[in-house]
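Colleague: Sequence:
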Amino acid sequence: MTDPGAAGGLTHLRSDGTAHMVDVTAKAVTARAASAEGMVLLSAVAVAALRGGAVPKGDALGVARIAGIQAAKRTPDLIPLCHPIAVHAVEVDLDVRDEGVHIAATVRTADRTGIEMEALTCVSVAALALIDMIKAVDKLATITDVRVTAKSGGRSGDWVRPE
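In the numbering used here, the protein residues as written are 1 to 163.
It should be emphasised that the hints constitute simulated quantities derived from the structure, not laboratory data.
One or more of the hints may lead you astray.
Pairs of lysine-lysine, DSS-like flavour, derived with a Cα cap of 25 Å [unchecked claim]: (1) 57 - 135; (2) 57 - 139; (3) 57 - 27.
Construct all of the structure, not just a fragment, from the sequences and the given hints.
Modeller: What follows is the structure in structure tokens.
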């Protein structure tokens, strides 16, 4: 039997310091949500192509939105210690701004553990898909500021990133 938390109070470490997947069997199923955001910085030419529907590969924003949704559902396949949980809803919004595209996502579940990693993965993969779609127009596109902005539910309760 492992002693989760024996190594400095970190639940993903056993007493010998090795990583393991936390046992959430005894935790209650609760409604949970997490939101994340990020930015893809783009050139003025790329922003104009998005606004004008002139991206050579097609609907860059639509492809990025679907990629983000798919990524949220596949998070445990990508993050080694992430629990497979039921993803009940994914909202992805892409807002074209003068400096690039702001991506915001909210992911919801009713399960035994949080859904923050799904929200972060959603935003990250949506950003990657957007770059793939726009790279012919802007080779310098940059992903920045991917972060959790809010969470609700679970033992630790609600949290909102301070401004």
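Colleague: Determine for every hint whether it applies to the structure shown.
Modeller: Going through the hints against the structure:
Between residue 57 and residue 135 the CA atoms are separated by roughly 10 Å; this keeps the pair inside 25 Å, and the hint holds. Between residue 57 and residue 139, the direct Cα distance comes to roughly 14 Å. Compliance with the 25 Å bound is thereby established for this hinted pair. Taken as a hint, the residue 57 and residue 27 pair is broken in the structure, with Cα atoms around 46 Å apart against an allowance of 25 Å.
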